[in-house]
Amino acid sequence: MLLRAGVGVTLAFIYIPLIVIAIYAFNTVGTLGWPPDGLTFDWFEKAFNNDGAREAFINSLKAGAAATAIALVLGTLASLAVGRHEFFGRETISFVVVLPIALPGIITGLALNDTFTQIFGIDLSLFTVIVGHATFCIVVVYNNVIARLRRMSGSIEEASADLGGDPWQTFRYVTLPTIRTALVAGALLAFALSFDEIIVTNFTIGAGQQTLPIWIFSNLFRAETVPIVNVVAVLVVVISIIPVYLAHRLTREEGGAAGKGAAAQATAEATAVP
Amino acid sequence: MGRRLAGLFHGRPRLQVGSLLAGPVGWLVIGYIGSLAIMLVAAFWSVNALSGETIRGFSLDNFQELTSEPVYRTVAGRTILIAALVTITDALLAFPIAFYMAKVASQRMKAVLVVAILMPLWSFYLVKAYAWRIILSDGGILNWALDPFGISGPGLQGNFPAYLTFTYLWLPFMIIPIYAGLERIPDSLLSASEDLGAGPGTTFRRVILPMAFPAVIAGSIFTFSLTLGDYITPQLVTSTQFIGNVVFASHTNNLPFASAMATVPILIMIVYLLIARRLGAFEHL
Amino acid sequence: MSNRKPGNPARVAWLIVASLVAFIALFAAGCGDDGGDTTGGGGDEGLTKVGKGEGKLNLIAWVGYAEDGSTDPAVDWVTPFENQTGCQVSVKTAGTSDEMVDLMRTGQYDGVSASGNASPRLVEGNDVDPVNVDLVPNYGTVFADIKDQPYNTFDGTHYGIPHGRGANLLMWNENDVKPAPDSWDVILDPKKAADYKGKISVYDDPIYIADAALYLKEHQPDLGIENPYELNEEQFNAAIDLLKEQNPNVGEYWHDAATQISSFTNGDVEVGTTWQYQYFTLLADDQPVASNPASTFVPKEGATGWSDTWMLSSSAKHPNCMYRWMNHIISPKVNAEVAEWFGEAPAQSKACAETSDPKFCANYHADDPGFWEGVYYWNTPVTDCTVTDQRAHEGGSGGDCKDYNAWIKAWTEVKG
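Residue numbers (our numbering), protein chains in the order written: chain G, 1 to 274; chain U, 1 to 285; chain Y, 1 to 416.
Calculated from the structure, these hints are not laboratory results.
Every value quoted in this text rests on a predicted model; they were computed, and no experiment measured them.
Glycine included, every Cβ here is placed at the ideal spot set by N, Cα and C.
Watch out, some of these pointers could steer you wrong.
BS3-like, lysine-lysine: derived pairs with alpha carbons at most 25 angstroms apart [to be verified]:
hint	chain 1	residue 1	chain 2	residue 2
1	G	K46	Y	K192
2	Y	K217	Y	K191
3	G	K62	Y	K92
4	Y	K191	Y	K244
5	Y	K300	Y	K244
6	Y	K192	Y	K244
So the derived label-pair ranges between C-beta atoms look like this [to be verified]:
hint	chain 1	residue 1	chain 2	residue 2	range
7	U	L196	G	Y245	36 to 42 angstroms
8	U	A116	G	A65	22 to 28 angstroms
9	U	L146	Y	N83	41 to 47 angstroms
Just need the whole structure built from these sequences, with the hints factored in.
See below:
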């Protein structure tokens with residue numbers, strides 16, 4: 001069938017380069033010629049022992065976690081405002097939230113770099129990286145939560161208020177459970193974006209520091225470390241199966257027939273809370 | 001405390017909205033858009049060639065340079081063209097698989113495919129671009145495969161390697177919104193169309209395509225904008241300059257000029273976003 | 001929950017946003033530091049005595065200048081330094097002088113190994129402080145013809161310690177490029193370069209324009225080019241045109257040594273400009289490369305080159321460590337190691353007795369000022385044509401030379 005052929009072609013297109021990388025992760029020599037000279041597990045061991053890679057990895061985790069946390073808070077606040085209220089400038093908020101991710105990274109990076117170094121006169125560091133990442137991660141959380149909020153009518157929250165719940169209780173016992181899975185999905189995607197990001201990071205990171213993508217970039221051509229780069233890439237892809245699958249399960253509730261069931265369940269849960 | 005908050009907010013909906021929005025708006029409008037504004041102001045400055053000191057007087061020199069010197073038009077034109085080609089190619093590649101996932105595949109197959117599409121997103125952008133460098137390199141796989149036929153690949157020059165690599169890199173960003181958009185089309189609509197006597201081609205043209213179009217536009221925002229500002233992939237797989245390269249190359253020595261060059265993609269994307277919003281793409285991001 | 005209709009027009013919202021943005025823009029225009037200015041020492045309060053090391057040292061260096069054993073365990077002059085002084089060194093390798101200047105301006109480094117197309121800019125921008133050469137004992141025995149030079153001494157004040165010098169090389173793949181070239185025309189003459197279309201590797205830096213100018217000095221003498229870094233309008237345009245003709249034949253513009261090594265190894269390029277570091281790395285890898293001037297002779301037209309200087313940042317947080325490093329890097333044994341590893345002429349005269357190859361200094365013309373007359377060290381183009389009278393060329397436009405900003409803009413045009 002033509003459709004299946006199309007699917008096959010696309011999948012092949014997506015995976016062939018990755019398979020190439022995987023093969024090179026086992027290559028004995030660091031150069032790029034094909035076919036590879038030989039196969040070995042050596043590089044896996046070297047990857048674990050490489051200080052630069054380890055430090056960069058930890059920096060990436062720190063930045064990703066912090067940026068995701070900020071994005072969660074700001075994204076939720078914004079989506080609650082837009083999803084549940086009417087006010088002037090409402091349409092503009094959606095536009096503004098999308099801007100950091102829709103504008104090319106070099107623009108965001110250059111602008112933020114300018115502001116940090118020229119206007120505030122502060123040194124670049126992991127903190128400035130986090131600010132940069134959080135800025136374009138907000139939209140990911142925002143979109144997920146707003147989509148969820150639009151699916152659930154606001155009447156549940158009104159009912160909660162009528163029953164005597166104050167805004168904080170309403171949020172904690174009614175709103176939060178309904179958007180929880182959207183938050184998790186958004187957080188996973190935000191973390192992934194931050195983890196992989198290089199362009200904005202290049203412009204906002206401090207002098208001696210590296211996140212994993214920056215470490216990769218500086219080692220990409222050095223024959224003695226490029227196999228380590230390949231190893232790191234392979235490992236990350238393999239490990240990523242878990243969060244990707246999780247995110248899919250969580251957002252699956254939104255679409256199709258399963259969605260209505262989940263919504264009904266969430267409603268039942270929410271109203272059952274005293 | 002919660003009670004007092006409730007009392008405070010009662011009858012003052014704007015206060016409630018305001019307090020919700022203070023954080024995000026402060027961050028995004030004052031912080032982000034403010035930074036953009038500062039960068040755009042810098043486009044009107046100039047720089048001392050020797051000391052690197054920025055001279056803050058108002059001057060249109062940078063923009064004059066941009067418009068008078070043909071190389072910038074060439075670079076911008078090349079980047080926009082490649083971005084458009086990449087977008088179209090990705091849309092064509094994405095649609096079949098997105099449709100299959102949304103309408104044809106079983107639940108299990110769907111889960112498998114979604115994971116299969118998203119996993120490569122987690123492999124580093126740099127590594128994927130590098131993989132193409134390996135493949136297209138003179139001693140690489142492509143030439144090795146074509147050798148028996150006596151022809152050789154494009155090598156690491158010109159626009160083709162960049163076009164190919166960009167198409168590859170941004171494909172998942174196109175598949176996901178289209179898949180989500182197609183999922184939202186109720187099956188009943190497709191059955192109805194069939195019942196009314198439409199063949200698959202007509203159903204596709206008259207029912208599916210118009211409904212999926214905003215999703216395609218949503219995906220195109222990413223493919224277009226990511227290509228417009230990228231400077232790393234051109235460095236890795238080709239020797240030609242794109243807008244991102246020019247901005248990056250001049251930002252160390254001549255920040256005002258880099259800012260001026262940067263206004264080009266900003267203007268293009270803002271117009272693109274406004275059109276996309278009008279076409280309903282924002283619901284599909 | 002409120003479903004109030006929006007009472008106020010969206011105009012008000014835009015007004016608020018616009019005024020915020022305008023406020024910020026005005027703020028930016030009115031306040032904030034000027035780029036490049038630092039409020040560091042300014043040169044009047046230099047060290048009078050080298051004290052105890054501060055425990056850390058952040059350097060910017062060319063590839064191969066500060067080896068710590070990670071490239072080759074046997075090649076390491078950083079670890080001994082760290083052990084002796086307690087200054088833990090962290091090195092940022094830069095590929096171009098522009099990168100180095102940019103990094104220095106962040107103020108987060110202590111020192112840099114600067115070439116002549118960076119040092120005047122750093123001095124002018126107050127990014128470096130004068131160096132008190134009396135505090136560097138090994139400075140006394142540095143070769144005389146690299147002391148007090150225009151690229152390390154400004155207005156009679158010393159601004160750095162010489163590291164070593166070399167000429168830029170023409171390198172080619174012996175199997176693919178025949179006969180062995182002895183002139184830059186293999187990559188600059190449009191007809192000859194077309195033989196290697198797509199296989200030429202050129203340094204990605206505006207300073208390469210000087211190479212084109214040097215070529216024209218020999219091949220188009222009626223342009224009257226004397227100094228490839230001081231070009232008037234006509235000479236400059238001729239150089240740019242030559243490079244634009246070269247562009248279709250260029251396979252890569254490299255700005256990172258490792259990338260070029262990778263390209264030569266994989267056969268993506270076969271001939272181009274390079275440094276000794278790449279050449280020797282490829283040789284060590286049994287790659288079929290040859291080059292000149294590897295050591296003995298220079299292509300017909302001469303070559304551009306560089307004479308590098310360690311400079312002290314004006315916002316250095318670890319100046320004592322930096323002084324110790326400068327003394328360490330030109331100590332006889334270390335400078336010999338450095339020179340032999342990279343493949344350049346050492347700055348330290350006593351290093352010649354320490355090299356593992358006794359003929360090393362002779363091969364690299366370390367003590368041969370005459371040789372270096374034909375090598376045009378990287379320099380920063382400025383508008384003043386002070387060295388020679390550029391207006392002497394008949395029919396020329398006369399007047400000012402092109403400054404570095406013009407070189408940068410032209411380079412973008414060249415690459416298309």
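Here's how the hints hold up against the structure:
no. : hint                                   : verdict
1   : G:K46 with Y:K192                      : 45 angstroms, violated
2   : Y:K217 with Y:K191                     : 19 angstroms, holds
3   : G:K62 with Y:K92                       : 23 angstroms, holds
4   : Y:K191 with Y:K244                     : 13 angstroms, holds
5   : Y:K300 with Y:K244                     : 22 angstroms, holds
6   : Y:K192 with Y:K244                     : 15 angstroms, holds
7   : U:L196 with G:Y245: 36 to 42 angstroms : 39 angstroms, holds
8   : U:A116 with G:A65: 22 to 28 angstroms  : 27 angstroms, holds
9   : U:L146 with Y:N83: 41 to 47 angstroms  : 54 angstroms, violated
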